[in-house]
Amino acid sequence: MPRKTMVEAIRDGMDVMMERDDNVVIFGEDVGYFGGVFRATQGLQAKYGKSRCFDTPISELGIVGAAIGMAAYGLRPCVEVQFADYMYPAYDQIVSEAARLRYRSNGDFTCPLVVRMPTGGGISGGQTHSQSPEALFTHVSGLKTVVPSNPKDAKGLLIASIEDPDPVIFLEPKRLYNGPFDGHHDRPITPWSKHELGEVPEGHYRVPLGQAVIRREGAALTVLAYGTMVYVAMAAAAETGVDAEIIDLRSLLPLDLEAIVASVRKTGRCVIVHEATLTSGFGAELSALVQENCFFELEAPVRRVTGWDTPYPHAQEWDYFPGPERVGRAFLEVVSGDQ
Amino acid sequence: MAGAAAKSTRSPGRGVTEKDAPGAEGARRGDPSGDGAPQGANFTREDELTAYRSMLLIRRFEEKAGQLYGMGFIGGFCHLYIGQEAVVIGMQMAARPGDQVITGYRDHGHMLATGMDPKGVMAELTGRRSGYSKGKGGSMHMFSKEKQFFGGHGIVGAQVPLGTGIAFANRYRDNGAVTLTYFGDGAANQGQVYESFNMAELWKLPVVYVIENNRYAMGTAVTRASAQTDFSKRGASFNIPGEQVDGMDVRAVRAAGERAITFARDGKGPYILEMQTYRYRGHSMSDPAKYRSKEEVQKMREERDCIEMVRKRLLESWKMPEEELKTIDAKVREIVNEAAEFAQHDPEPEPAELWTHVLL
Ligand SMILES: Cc1ncc(C[n+]2csc(CCOP(=O)(O)OP(=O)(O)O)c2C)c(N)n1
Ligand SMILES: [Mg+2]
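Keeping their order, the protein sequence lines are chains A and B. Each residue of the first sequence is one higher than the last, beginning at 1 in the numbering used here. Each residue of the second sequence is one higher than the last, beginning at 1 in the numbering used here.
Each hint should be verified, as a subset may be incorrect.
[Claimed, not checked] Using 30 Å as the maximum straight-line C-alpha spacing, the simulated DSBU-like pairs for lysine-lysine come out as follows:
hint : chain 1 : residue 1 : chain 2 : residue 2
1    : B       : Lys64     : B       : Lys326
2    : B       : Lys119    : B       : Lys147
3    : B       : Lys312    : B       : Lys268
4    : B       : Lys290    : A       : Lys47
5    : B       : Lys312    : B       : Lys299
6    : A       : Lys50     : B       : Lys290
7    : B       : Lys204    : B       : Lys326
8    : B       : Lys290    : B       : Lys268
9    : B       : Lys294    : A       : Lys50
10   : B       : Lys312    : B       : Lys331
11   : B       : Lys204    : B       : Lys233
12   : A       : Lys194    : A       : Lys47
13   : A       : Lys4      : B       : Lys145
14   : A       : Lys4      : A       : Lys47
15   : B       : Lys64     : B       : Lys299
16   : A       : Lys50     : B       : Lys145
17   : A       : Lys47     : B       : Lys145
[Unchecked claim] Counterexamples of contact, computed for chain B against chain A with all Cβ distances above 12 Å:
hint : residue
18   : Glu46
19   : Met71
20   : Arg129
21   : Asn175
22   : Glu316
23   : Thr327
24   : Glu348
25   : Glu353
[Unchecked claim] Here are some of the chain A residues that sit facing chain B, going by a computed Cβ distance under 7 Å:
hint : residue
26   : Asp30
27   : Ser59
28   : Leu61
29   : Gly65
30   : Ser124
31   : Gly125
32   : Thr310
Derived from the structure by calculation, the hints contain no laboratory data. We treat Cβ as the ideally placed atom computed from N, Cα and C, and that holds for glycine.
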């Protein structure tokens with residue numbers, strides 16, 4: 001099987017869908033001619049022409065709003081917002097229009113739209129190029145929110161998202177584009193070409209939305225993670241020796257509650273890890289769900305390890321980032337009951 | 001001077017083609033004196049020297065920033081202003097103390113032009129504690145109340161409503177100040193720009209919108225992103241007057257800046273200046289530059305460079321001895337080297353700094 005980077009896998013997913021379905025159109029800033037700042041759309045304009053893969057002005061609101069109109073008519077736009085941090089001008093359209101079209105029209109109109117956005121830090125991007133806004137989407141009823149953690153999933157989830165009848169926010173942890181970054185920023189990263197999850201099947205396949213996967217089986221505690229934090233948690237488990245069961249959620253909404261509950265019932269302990277800020281982060285939702293569903297099996301309070309409640313700093317990036325050391329410390333504390 | 005008389009002068013604006021380089025027409029048209037001085041420029045020898053010194057400082061500073069980036073002292077994003085120096089310097093020469101400046105992320109030049117300390121700017125680039133934002137802002141996010149510099153904004157177009165609001169505050173306080181609000185040709189396509197234009201004209205706010213048309217937004221040429229490529233007309237439906245200006249000629253910039261600022265200061269409302277300029281370097285530090293030819297860049301550097309033009313005039317028209325210019329060059333280099341030295345040795349911020357200035 002060919003090995004691909006996450007960017008190549010995402011491009012492949014779009015390619016497959018453009019090939020299969022004329023209704024799929026792809027656009028965004030620098031997406032056509034330039035092939036995207038992260039090169040996710042490279043070659044698609046040459047292959048499918050300018051009416052199916054094209055550049056837009058710098059107008060996030062316009063990009064997403066127009067895509068919603070296209071989707072309402074039956075096209076399947078897959079648009080790129082260059083960095084998730086640029087999404088805010090489009091947020092009104094996402095929340096007030098995309099998420100509401102089905103409900104508002106009693107199902108007459110739907111919005112089969114995908115908005116792709118690179119998220120997360122670790123590239124010295126500072127305040128406006130590092131954010132993880134997933135909770136702003138999961139809080140909105142009428143949206144699906146997906147976060148892949150590897151090339152194989154990224155392609156399958158993207159195909160499932162494009163085929164989905166409803167709007168999907170597709171968040172791509174940019175630090176994972178080239179390899180499974182585990183927070184050890186001072187070490188070289190293993191490229192996807194040397195990782196089994198870099199093996200991307202050819203052609204069409206789906207990874208269904210709403211199915212989590214266990215990346216590491218364990219008995220001591222359950223880790224709920226997604227995106228980059230999956231690898232940080234793996235590193236923390238390896239470095240502390242704590243026998244963690246690490247669940248990669250893959251899709252936050254729909255959420256695989258069953259997998260979460262089964263694991264926490266087994267281990268009795270739960271640590272939630274995300275890069276976004278703590279307060280009202282998606283971890284708060286996860287924590288509440290675990291408490292509601294596993295209260296009698298819990299042997300320790302649910303613990304969250306997240307970015308601090310501050311803007312993402314330019315300097316001190318690694319003080320902000322919840323790296324393996326911080327995550328590992330939480331593992332040890334939760335296991336020892338010393339919180 | 002201002003108003004209708006100053007209304008759009010240059011080419012009808014079906015986009016700028018290679019042959020019709022920014023300001024080429026201005027240079028051709030010339031003025032009666034024969035050295036190509038734009039109308040109303042009245043540049044003295046002192047003015048030329050001021051422009052030379054200030055533009056050179058930006059150029060050398062940016063070159064040094066590029067080097068430090070290459071050496072790994074600067075991380076993340078770093079957008080250099082090289083090529084566009086005449087815009088901000090010409091405008092600052094037209095402004096007066098108290099006028100505010102706000103811009104996007106290609107902001108180092110604007111900060112130096114407002115008189116901010118090169119050391120503090122460079123130390124911010126390297127993420128150190130003596131940087132203007134204590135290292136937490138980086139290249140795109142710096143401010144100085146003292147110099148009335150309102151940032152440094154990483155979100156394209158976001159500074160435009162802010163600049164409009166600052167102008168509102170000027171009017172409210174009746175302080176006589178004008179806000180210079182800079183943004184790019186790409187930013188000009190953000191919806192919030194037009195909400196701002198409407199309010200600014202509706203309320204006759206003292207703001208000059210300076211659109212730095214350097215022909216590209218990242219890898220997208222103006223003609224591929226803009227239905228109306230004559231940016232001076234972007235305020236037309238709001239009745240905001242606009243001009244296209246040769247942004248490579250600091251004299252033309254100052255002259256247009258004076259017209260626009262006077263107009264705004266006189267309470268007549270906002271004014272738009274489209275500065276036709278050019279960025280020599282990549283958009284940020286990693287830029288495959290496949291969207292334009294090397295020749296195009298080379299031609300601009302050789303034929304339209306804002307600093308070279310002043311230098312030539314100083315030597316030829318003003319008969320300045322080359323030695324004197326060399327002294328200036330050396331002085332500028334010294335300032336920049338000092339800043340670079342400082343920015344490499346200044347310590348990183350204390351960990352606790354992470355938590356400061358989030359909320360009170
Ligand atoms: C809202 C938003 N969208 C996209 C970007 C990414 N981006 C940064 S600079 C840029 C190009 C802007 O071009 P222009 O306004 O012409 O300014 P220039 O870089 O040429 O100075 C883009 C698309 C951003 N920072 N913010
Ligand atoms: Mg531009």
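These are the hints, each one checked on the structure:
| no. | hint | result |
| --- | --- | --- |
| 1 | Lys64(B) with Lys326(B) | 18 Å, holds |
| 2 | Lys119(B) with Lys147(B) | 15 Å, holds |
| 3 | Lys312(B) with Lys268(B) | 38 Å, violated |
| 4 | Lys290(B) with Lys47(A) | 18 Å, holds |
| 5 | Lys312(B) with Lys299(B) | 17 Å, holds |
| 6 | Lys50(A) with Lys290(B) | 18 Å, holds |
| 7 | Lys204(B) with Lys326(B) | 46 Å, violated |
| 8 | Lys290(B) with Lys268(B) | 43 Å, violated |
| 9 | Lys294(B) with Lys50(A) | 25 Å, holds |
| 10 | Lys312(B) with Lys331(B) | 19 Å, holds |
| 11 | Lys204(B) with Lys233(B) | 18 Å, holds |
| 12 | Lys194(A) with Lys47(A) | 29 Å, holds |
| 13 | Lys4(A) with Lys145(B) | 49 Å, violated |
| 14 | Lys4(A) with Lys47(A) | 20 Å, holds |
| 15 | Lys64(B) with Lys299(B) | 23 Å, holds |
| 16 | Lys50(A) with Lys145(B) | 47 Å, violated |
| 17 | Lys47(A) with Lys145(B) | 51 Å, violated |
| 18 | Glu46 | 39 Å, holds |
| 19 | Met71 | 15 Å, holds |
| 20 | Arg129 | 8 Å, violated |
| 21 | Asn175 | 30 Å, holds |
| 22 | Glu316 | 41 Å, holds |
| 23 | Thr327 | 36 Å, holds |
| 24 | Glu348 | 6 Å, violated |
| 25 | Glu353 | 7 Å, violated |
| 26 | Asp30 | 5 Å, holds |
| 27 | Ser59 | 5 Å, holds |
| 28 | Leu61 | 5 Å, holds |
| 29 | Gly65 | 9 Å, violated |
| 30 | Ser124 | 3 Å, holds |
| 31 | Gly125 | 5 Å, holds |
| 32 | Thr310 | 5 Å, holds |
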